[in-house]
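Construct all of the structure, not just a fragment, from the sequences and the given hints.
Number of protein chains: 2
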Amino acid sequence: MNNFNFYSPTEFVFGKDRENDCGEYVKKYGGTKVLLVYGGGSAVKSGLIGRVEESLKNNGIGFSELGGVQPNPRDTLVYKGIDMCRAEGLDFILAVGGGSPIDTAKAIAIGVPYDGDFWDFYSGQARPEKAVPVATVLTIAAAGSEGSPDSVITKTDGMLKRGCGTDLIRPKFSVLDPALTQTLPAYQTACGATDIMAHVFERYFTNTKEVEITDRLCEAVLMTMIKETPRVIADPDNYDARANIMWAGMVAHNNIVGVGREQDWNSHGIEHELSALYDCAHGAGLAVIMPAWMEFVYKHDVMRFAQAAVRIWGVKMNFADPAVTALEGIHRFRMFLRSIGMPINFEELGAKEEDIPALVEKFGIGDGETGGFVHLKAADIAEIYRIAVRAEL
Amino acid sequence: MNNFNFYSPTEFVFGKDRENDCGEYVKKYGGTKVLLVYGGGSAVKSGLIGRVEESLKNNGIGFSELGGVQPNPRDTLVYKGIDMCRAEGLDFILAVGGGSPIDTAKAIAIGVPYDGDFWDFYSGQARPEKAVPVATVLTIAAAGSEGSPDSVITKTDGMLKRGCGTDLIRPKFSVLDPALTQTLPAYQTACGATDIMAHVFERYFTNTKEVEITDRLCEAVLMTMIKETPRVIADPDNYDARANIMWAGMVAHNNIVGVGREQDWNSHGIEHELSALYDCAHGAGLAVIMPAWMEFVYKHDVMRFAQAAVRIWGVKMNFADPAVTALEGIHRFRMFLRSIGMPINFEELGAKEEDIPALVEKFGIGDGETGGFVHLKAADIAEIYRIAVRAEL
Chain F
1 MNNFNFYSPT EFVFGKDREN DCGEYVKKYG GTKVLLVYGG GSAVKSGLIG RVEESLKNNG
61 IGFSELGGVQ PNPRDTLVYK GIDMCRAEGL DFILAVGGGS PIDTAKAIAI GVPYDGDFWD
121 FYSGQARPEK AVPVATVLTI AAAGSEGSPD SVITKTDGML KRGCGTDLIR PKFSVLDPAL
181 TQTLPAYQTA CGATDIMAHV FERYFTNTKE VEITDRLCEA VLMTMIKETP RVIADPDNYD
241 ARANIMWAGM VAHNNIVGVG REQDWNSHGI EHELSALYDC AHGAGLAVIM PAWMEFVYKH
301 DVMRFAQAAV RIWGVKMNFA DPAVTALEGI HRFRMFLRSI GMPINFEELG AKEEDIPALV
361 EKFGIGDGET GGFVHLKAAD IAEIYRIAVR AEL
Chain R
1 MNNFNFYSPT EFVFGKDREN DCGEYVKKYG GTKVLLVYGG GSAVKSGLIG RVEESLKNNG
61 IGFSELGGVQ PNPRDTLVYK GIDMCRAEGL DFILAVGGGS PIDTAKAIAI GVPYDGDFWD
121 FYSGQARPEK AVPVATVLTI AAAGSEGSPD SVITKTDGML KRGCGTDLIR PKFSVLDPAL
181 TQTLPAYQTA CGATDIMAHV FERYFTNTKE VEITDRLCEA VLMTMIKETP RVIADPDNYD
241 ARANIMWAGM VAHNNIVGVG REQDWNSHGI EHELSALYDC AHGAGLAVIM PAWMEFVYKH
301 DVMRFAQAAV RIWGVKMNFA DPAVTALEGI HRFRMFLRSI GMPINFEELG AKEEDIPALV
361 EKFGIGDGET GGFVHLKAAD IAEIYRIAVR AEL
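From first to last, the protein sequence lines are chains F and R. Note that the numbering used here gives residue 183 to position 183 of the first sequence, counting from 1, and the numbers run on in steps of one. Note that the numbering used here gives residue 28 to position 28 of the second sequence, counting from 1, and the numbers run on in steps of one.
It cannot be assumed that every hint is accurate.
For lysine-lysine, the following DSS-like pairs were computed, each having C-alpha atoms within a straight-line distance of at most 30 Å [said to hold, decoys possible]:
(1) LYS227(F) / LYS299(R)
(2) LYS16(R) / LYS209(F)
(3) LYS80(F) / LYS28(F)
(4) LYS27(F) / LYS27(R)
(5) LYS130(F) / LYS57(R)
(6) LYS172(R) / LYS27(F)
(7) LYS28(R) / LYS28(F)
(8) LYS130(R) / LYS130(F)
(9) LYS28(R) / LYS172(F)
(10) LYS227(R) / LYS209(F)
(11) LYS130(F) / LYS28(R)
(12) LYS172(R) / LYS33(F)
(13) LYS130(F) / LYS172(F)
(14) LYS28(F) / LYS130(R)
(15) LYS57(F) / LYS80(F)
(16) LYS80(R) / LYS362(R)
(17) LYS130(R) / LYS27(F)
(18) LYS130(R) / LYS172(F)
(19) LYS227(R) / LYS227(F)
(20) LYS28(R) / LYS27(F)
(21) LYS130(F) / LYS27(R)
(22) LYS316(F) / LYS227(R)
(23) LYS27(R) / LYS28(F)
Non-contacting residues of chain F with respect to chain R, defined by C-beta distances greater than 10 Å in every case (computed) [stated by the list, open to error]:
(24) GLU53
(25) SER55
(26) ASN207
(27) PRO230
(28) ASP367
In short, the hints are calculated from the structure, not lab data. Every residue gets a Cβ at the ideal spot worked out from N, C-alpha and C, and that includes glycine.
This is the structure we're talking about:
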């Protein structure tokens, strides 16, 4: 196991109707004037935004609104939020929604006290040193942004999708009410579940030896997702299944299951180019890319893929030929993704084979290499896209 | 799943030689004059205390020492530490050692700003409202106190062992260096492992339905302990096995595997009377009590015990008679405990059957009931002690 620091200071406020307490928690964490960041109309129509505002008012907290955050959130709204905070002296940012409003809120949080362009943090040209406090009311179990130090933003100029990570933007508190996810359409629910599973797999496939505790914790989250996801697809109102998924989504990405090991993260990078170009859902893109990545890299450590197949998917070990077991695990993953309504190839996603050179170009590694488990070059990434083109069950 | 709050703001500083950074972290969390709390001579002889002091000095931090904390730590040193903090204006408490110095440090932390007797918090007569910040350098993977809000202290007058829990005493940071545990004798290592497993089982056996994610996380920790503990008993210098156990010990007790469910905790209460009366190791007492408790209560939910047997211990499910499976799981637990050198009955622990009435009396529930999974009365507790008297493989 490698040395590490683990720091997850977010207070998680979990359960039915807990969003009605958010004013109290803003107060507890020192907010007096809030920038409320949210997405499309559903949070407004459902009455959620109204209830959050009511809770703020009841606690004497002022607020301004920044609605309209889109999936694959853009830099444009980040600039707008930074301006609002500066102009109005807002001292706390509360995101209501999924990963997009949350990641937007986090970007605003580090942008406000920074003299330069906030994009410097995403292009890697600067490191954040200060942040306005951020908190969340989560409405989609997916991105894990409610408990993570990460934010992903798309720069409109060039459609570049890039991430930034710093403990400064770990939320002060996150309200996780599983009931808020019950109105999500099946497709979005499945996209979220896929994202959660991908967060675990990105950590699971590692070259670090002797990491039994985090292996087992990763497997725990994945087995939970395999059990609970089909239940919510079949019955969207299943509160308990929603609750298990929601807590799994946090655990998957606050890094408690990933500490002390090298992680990979190539599938996320390779997917980001798809959602940036086609504006598809991140989870749907991962459903297409992640098994393709697995097929491309599994020979690097057949026994680790066999372990995943046996422990997570319940495949019987083929002791004569562990590669058969490893491949069966990947096949089960694709079957699972299909069963919950996810695309498994380019055509089903709406992506085009002829765009592969452009996707690889945008990925932007030139002659370099990327990834923690298997180092990939540009040609390898092209091949993974090609595997994803022709993937079938 | 039940509603819950989860808040674990401790920064974990994990890995080889990380104790040399502790001065830096004291500074980061605002300490200027430290009360250093530790146990017997081994931390001094090994040079650990010297290195911690060196790190404090290098960061310009003053300190006073309170050594000599014994296992099953007493109130007497707590009073002494409170007096020292007040007299010398110490503003930070750093525990170096296992659960005993850490729990002592936590008791001092809430005692210092309190006008009354700190024991009020342990007798349940008052709730803490303020605390001096606490941090830890852990040398034994066992109590989980490095990441928990709990402290257990024994009142010398009457040998009453009682606990107190509040987020105020969650450590600001905890240094977890697995190498520091390599010098632990096999018996203490096994006691620690037993304590870790007990922390999970106390959470695992619950009446709360639909808690798949926390079930799986609990099982992950237990399977890790089953794999790694025999390795460190066989080879005390196995750093990686020590590392897996050390992180498992934190995960087992910061409550991430126990949120959203009713928990039991009777085995801990029943054991506390043994270690208070005989001054035996808490883990050894748990090895005797926990399987006895399981035998007494398993009929309350045979399928949950069968699930534990199948998922954790790898027992084959007996579909015709799940109780057979359930009992086989308990048997495997006892075999495991014996294999790592733990006592499994009163005689091996040095406890006496004739003391049972006194133990039950001290437990002090009178005509009341206790426990989250199965409510026990005094007569039930006596029966569990009797099962523990006659336990064999």
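Outcome of the hint check:
1. LYS227(F) / LYS299(R): holds (26 Å)
2. LYS16(R) / LYS209(F): Between LYS16(R) and LYS209(F) the Cα gap is close to 16 Å, so the pair holds against 30 Å.
3. LYS80(F) / LYS28(F): This hinted pair holds, its Cα atoms lying about 27 Å apart.
4. LYS27(F) / LYS27(R): OK: LYS27(F) and LYS27(R) at ~27 Å, within 30 Å.
5. LYS130(F) / LYS57(R): Holds, at about 28 Å.
6. LYS172(R) / LYS27(F): Within the cut-off at roughly 22 Å; holds.
7. LYS28(R) / LYS28(F): Distance of about 22 Å is within 30 Å: holds.
8. LYS130(R) / LYS130(F): holds (28 Å)
9. LYS28(R) / LYS172(F): With a Cα-Cα distance of about 18 Å, the restraint between LYS28(R) and LYS172(F) holds, given a limit of 30 Å.
10. LYS227(R) / LYS209(F): holds (15 Å)
11. LYS130(F) / LYS28(R): Holds: LYS130(F) and LYS28(R) sit about 15 Å apart, inside 30 Å.
12. LYS172(R) / LYS33(F): holds (28 Å)
13. LYS130(F) / LYS172(F): Judged against 30 Å, a Cα distance of about 14 Å means the pair holds.
14. LYS28(F) / LYS130(R): holds (15 Å)
15. LYS57(F) / LYS80(F): Cα-Cα ~24 Å, so holds.
16. LYS80(R) / LYS362(R): Between LYS80(R) and LYS362(R) the Cα gap is close to 26 Å, so the pair holds against 30 Å.
17. LYS130(R) / LYS27(F): holds (18 Å)
18. LYS130(R) / LYS172(F): holds (20 Å)
19. LYS227(R) / LYS227(F): Holds. LYS227(R) to LYS227(F) sits at ~25 Å (cutoff 30 Å).
20. LYS28(R) / LYS27(F): This hinted pair holds, its Cα atoms lying about 25 Å apart.
21. LYS130(F) / LYS27(R): Since the Cα atoms of LYS130(F) and LYS27(R) sit roughly 18 Å apart, the hinted pair holds (cutoff 30 Å).
22. LYS316(F) / LYS227(R): Answer holds: LYS316(F) to LYS227(R) is near 21 Å, not above 30 Å.
23. LYS27(R) / LYS28(F): holds (25 Å)
24. GLU53: holds (22 Å)
25. SER55: With a cut-off of 10 Å, SER55(F) remains clear of chain R, as the shortest Cβ separation is near 16 Å.
26. ASN207: holds (14 Å)
27. PRO230: About 13 Å separates PRO230(F) from the closest Cβ of chain R, which puts it past 10 Å; holds.
28. ASP367: For ASP367(F), whose nearest Cβ neighbour in chain R is about 34 Å away, the distance exceeds 10 Å, so it holds.
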